[in-house]
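Line by line, the protein sequences are chains H and S. Each residue of the first sequence is one higher than the last, beginning at 1 in this note's numbering. Each residue of the second sequence is one higher than the last, beginning at 1 in this note's numbering.
Keep in mind that the hints are not guaranteed to be accurate.
As the list claims (entries may be wrong) - One-sided and incomplete, this derived list gives chain S residues near chain H with beta-carbon spacing under 10 Å:
| no. | residue |
| --- | --- |
| 1 | Val50 |
| 2 | Asn55 |
| 3 | Ala165 |
| 4 | Glu172 |
| 5 | His173 |
| 6 | Lys175 |
| 7 | Thr209 |
| 8 | Asp221 |
Since the hints were made in silico from the structure, they are not lab data. No residue lacks a Cβ here, since even glycine has one placed at the ideal position from N, Cα and C.
For reference, the chains in residue letters:
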Amino acid sequence: MDKTPIHDPSMTPLPSTTTASNVLQPKAMIYICGECHKENELKSTDVIRCNECGYRILYKKRTKRLIVYDAR
Amino acid sequence: MPYANQSTVHVTDLNEENIKFIIENTDLSVANAIRRCMIAETPTIAIDSVQIDSNTTVLFDEFLAHRIGLIPLYSEELVDKMNYHRDCACEGFCPQCSVEFTLDVRNREEQTRNITSADLMTSNPHLVPVTSKAKNDDEGQDHFIEHILIVKLRQGQELRLKAHARKGFGKEHAKWIPTCGVSFEYDPDNILRHTIYPVPEEWPHSEHTELSEHEHEAPFDANKIPNKFYFNVESTGALKPETIVLSCLNVLKQKLSNLQTLLKHETLEGP
Numbered sequence: 001m002d003k004t005p006i007h008d009p010s011m012t013p014l015p016s017t018t019t020a021s022n023v024l025q026p027k028a029m030i031y032i033c034g035e036c037h038k039e040n041e042l043k044s045t046d047v048i049r050c051n052e053c054g055y056r057i058l059y060k061k062r063t064k065r066l067i068v069y070d071a072r
Numbered sequence: 001m002p003y004a005n006q007s008t009v010h011v012t013d014l015n016e017e018n019i020k021f022i023i024e025n026t027d028l029s030v031a032n033a034i035r036r037c038m039i040a041e042t043p044t045i046a047i048d049s050v051q052i053d054s055n056t057t058v059l060f061d062e063f064l065a066h067r068i069g070l071i072p073l074y075s076e077e078l079v080d081k082m083n084y085h086r087d088c089a090c091e092g093f094c095p096q097c098s099v100e101f102t103l104d105v106r107n108r109e110e111q112t113r114n115i116t117s118a119d120l121m122t123s124n125p126h127l128v129p130v131t132s133k134a135k136n137d138d139e140g141q142d143h144f145i146e147h148i149l150i151v152k153l154r155q156g157q158e159l160r161l162k163a164h165a166r167k168g169f170g171k172e173h174a175k176w177i178p179t180c181g182v183s184f185e186y187d188p189d190n191i192l193r194h195t196i197y198p199v200p201e202e203w204p205h206s207e208h209t210e211l212s213e214h215e216h217e218a219p220f221d222a223n224k225i226p227n228k229f230y231f232n233v234e235s236t237g238a239l240k241p242e243t244i245v246l247s248c249l250n251v252l253k254q255k256l257s258n259l260q261t262l263l264k265h266e267t268l269e270g271p
């Protein structure tokens, strides 16, 4: 039995080298502050700090992909 | 059948958890095959696929999925009607080969919240965790039913998941084993000397002994063979004890019948 979780196939990124991305570049993602737990929207060009309290350690949110595990 | 044994079975005790019986006039290999089959090849239903939507608990995803898989489900009503997932005509999950479960708990209070098997919501009321199976007692709900603890939540922690239960048997994974333990005994007084006691006086008498108080070991008899087998089958609750025994015999019969059919084909194809 394979131990790797099964990922939703529609979410797998395309392996092509010249990816014509139809998403805004840079993409804005939500990160969670380590201290006040506020959700900050950050682009890849922004400085890494919380908008509210200035804490510089931010965490990523759990993936939106459906992860299925074997109960083994 | 001229050379077949005329075996007999006596059930000495039967309750909700245990069945005790004695098989006589059969071979040791047959009794052992029944024991092994009861453990590893009697089909039950258990959760086999867990999709976690949100998990902020102290345990990681795979840990939770593993624990949820081990929860015994009362399979008595559905196990014969379900197909094995690999035999089912559907792609993925369908009501013929799986039953869906849901769990959605968020702790909003200050004190610790225990997520137990009672929080697992089933889509088919015929398949519930063993601890949720309401006991049909005259006293009603007086018994304290201890549900199986999955994980504990602090304030603000959450667990949300969907799971699918499938049919299977012990050979594939231990979660499908319907027994807690199968006790198997023969020759309680060591007439056959299948074991050698260094000091026979040290060993207590078995409950099936025919020895008197001061005797420790019966005299050796070279001509005897193992003949009488004492079984005690304890169920986890997934199946009734009598169902375990009967289902096991069915499975054994199937296997022997398959073997016979294949052998017939072999001999027909001979040179």
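Here is how each hint holds up against the structure:
1. Val50: holds, 5 Å
2. Asn55: holds, 8 Å
3. Ala165: holds, 9 Å
4. Glu172: Status holds, d = 9 Å.
5. His173: Holds. Min distance 5 Å.
6. Lys175: Given a least distance of 7 Å, the restraint on lysine 175 of chain S holds.
7. Thr209: violated, 43 Å
8. Asp221: Since the shortest Cβ distance to chain H is 48 Å, the answer is violated.
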